[in-house]
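Student: Here is what each chain is made of, one letter per residue.
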Amino acid sequence: MDEQGQQRCDTPGRHAARRHGALLSGLVVLGLVSGGGAMARDYREPPRQTWSFQGPLGHFDMGAVQRGYTVYAQVCSACHGMKSVTYGDLAGLGLKESDVDAIAHAHHVPAGVDAGGHALSRPASADDHLLSPYPDARTAAAANHGVMPPDQSRLAVVHPGGVDRIYAFLTGYGQPAPPGMVVPQGMFHNPYAAQGLTAMPPPLHEGGVTYPDGTPATVAQQARDVTTFLAWVATPHLTERHRLGVGAVVFLVFVLILSICLKRRTWSNVP
Amino acid sequence: MNGSGLPENIPPHAEPASGGGVLSWIDRRLPVISAFRKEYVDFPMPRNLNALWNFGAILCAVLVLMLATGIFLAMNYTPTAAGAFMSIEMIERQLPGGWALRAMHVTGASLFMAALYIHLFRGLYYGSYKQPREILWLSGLGLLVMVMVTAFAGYVLPWGQMSYWGADVAGKAVGAVPVIGPTLEHIMEGSDQLGDIFIHRFFVLHFVMAFAIVAIVGLHVAALHVPGPNNPTGKPVNARDTVPFHPYYTTKDLTGLVVFALVFVALAFLWPDLLSEPENYRPANPLHTPADIEPEWYFLPFYGMLQSVPSKFGGLLAAGGSIAILFAVPWLDRSSIRSARSRPLCRAGMAGLVAAFVLMGLVGRHHAEGGWMIVGRIATLYYFSYFLVLLPLCARREMRGTAG
Ligand code: HEM
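Protein sequences appear in the order of chains A and B. The first sequence maps to residues 1 to 271 in the working numbering. The second sequence maps to residues 1001 to 1404 in the working numbering.
Hints are supplied without guarantee of correctness; some may be wrong.
Claimed, not checked - The calculated DSS-like cross-link candidates involving lysine-lysine, where the alpha carbons are at most 30 angstroms apart (straight line), are: (1) Lys1235/B to Lys1038/B; (2) Lys1172/B to Lys1312/B; (3) Lys1312/B to Lys263/A; (4) Lys83/A to Lys96/A; (5) Lys263/A to Lys1235/B.
FYI, nobody ran anything at the bench for these hints, they're computed from the structure.
Can you make the complete structure from the sequences, with help from the hints?
Tutor: Right under this line is the structure:
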């Protein structure tokens, strides 16, 4: 649609009119931002949500991120790992060092084998990663009807459909399957899953977790919070990045004004 | 043509720094200070240069930024198939400030290429490739190729899905060269599968190229300072119409740099999604081909050519030829008129050239499917006929005009 529009405005008849740099660079920008080819989607289009972290000035609602971590820790982490993330990174949630250590110590990580070849483990430290609960991909798949639960470190970035789809998916269970769809044993229907089928059982339940801040833990609330947490984990420096960007823009605009003044004064005696 | 009067601007004779002091002591033994004064303070510049002449300085600044950030990234990067992806994650998550370092390096690569395309277009448009600036043009094209190789090698390093599959496509394209293709592919990849040897090779290549570029930039700028810069009219300027580099062009370059820096921080820190490819945040998986293999935006026009030509080797020839042909431009265009401002036909043709280049990028983005295939072929054909037919004909007409 809009791609065709661009194609039309590029007919050779109008080339001559487009001589000037500004227009040409406009074209380059058009080429840059015009969307990719129409990819066939195999899931229902998720409703659009508004999130505080969207847009160039977006920031995380840290209360929601912290509640989302509660959901991740009590629910998601039973099957999903975040292998790029360390317990120490959780300090970014606003946790104190002692809290981070306590969380780490509550988990165990593999620590080689003993003399008899038996697997050993030790309490995790802040430098350890949030590993998948399964020792390897094959075991993970075998425990989940043949599908390995994906790592969640960057899920909110790489998942087609993004955070809106994650939220819609988490709240999208329990709808009747469309006529003609066969839901195999051990699979679940969810319109936001690929092909409408997922191997993940409905993870969230009314009051399934208890929030330390007293927020009522409805399914929608948990879904929203854990989605926010996943977005934070995928781009933990987003708020800082935006703050740095705004600061740099303000500073550079100031320098620009000064340098324009300087240049004009310098050039004022050139005819 | 005025073959004899090579330098168009005669730089002023440099006096050694006089008087006492450490600086003049050094200067009498190694005249770096007077040379600097001659080339960057008193150097006569045409006073009518427009904003497009800012991009050389911008490119130098970005190059310094790339080296500065790149060195610190390299200190924390692991060039192995098992460790590369996780080391990038470590830089982004655990290394203090690592995310900012990487944001700058990645955005810098994109904007380097953008500035390079503008810089090249400026030379093409104002005829800066014509004598006596042929070597300047050729060294610039050498830099273009080197920067492209460096950018590609760099994109491989994070070893995400697009790194891996992009390298796979490039390797297969090289392999499509008749007779020596498989050998070349093997030299490039180092073993039968893309793994440790390949990553290590490309890491070294990326690093070495970066410093080689600095050296060639030195030659490029030295070549510029022999004839001095061209200008938008394309006609030699007389001494009355020049101003010293400092303070006139130092203040002008500074202004251009700050505008560029604004675009840079906006893209690096406020709209990073415009330039980043989410798929590359998935670790490389040789068993799973992504639905949509696509290079970074700056390679899309060449990718478009690769895909719209029916044979693989033909596509490779077109994509390589589209750059190779630029090396011949000083000899394809024999007209003594430099600037497109005085060449209406060329000027219109060049607008078409830019449109064709952008269209080829869109074709690459759409994988030359359906109608895009036709668009890609027409655009490719136009691109080559501009250089091989339109430009020489235009020049011939103009030469006849001046002779008669
Ligand atoms: C690493 C990349 C490059 C760097 C750092 C660089 C740097 C510079 C600098 C500092 C100047 C003088 C300022 C200006 O005129 O903008 C310049 C001029 C020039 N460059 Fe480059 N350049 C690079 C790549 C290229 C490329 C790819 C080409 C095209 C083939 C090119 C062709 C030219 C020409 C023709 C001039 C003289 C233009 C004139 O005065 O009209 N350069 N370059």
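Student: Quickly compare the C-alpha distance for Lys1312/B and Lys263/A to 30 angstroms and report which way the hint goes.
Tutor: Since the Cα atoms of Lys1312/B and Lys263/A sit roughly 52 angstroms apart, the hinted pair is violated (cutoff 30 angstroms).
Student: Given the proposed pairing of Lys83/A with Lys96/A, does the C-alpha separation stay at or below 30 angstroms?
Tutor: Cα-Cα ~22 angstroms, so holds.
Student: Does the alpha-carbon distance linking Lys1235/B and Lys1038/B stay inside the 30 angstroms limit?
Tutor: Roughly 23 angstroms separates the two Cα atoms, so the pair holds.
Student: Checking one constraint from the list: CA of Lys263/A to CA of Lys1235/B, max 30 angstroms. Satisfied?
Tutor: holds (25 angstroms)
Student: So if I understand the rule, the pair passes when the alpha-carbon distance is 30 angstroms or less; does Lys1172/B with Lys1312/B pass?
Tutor: holds (9 angstroms)
Hint 3 from the list above is the single one not met by this structure.
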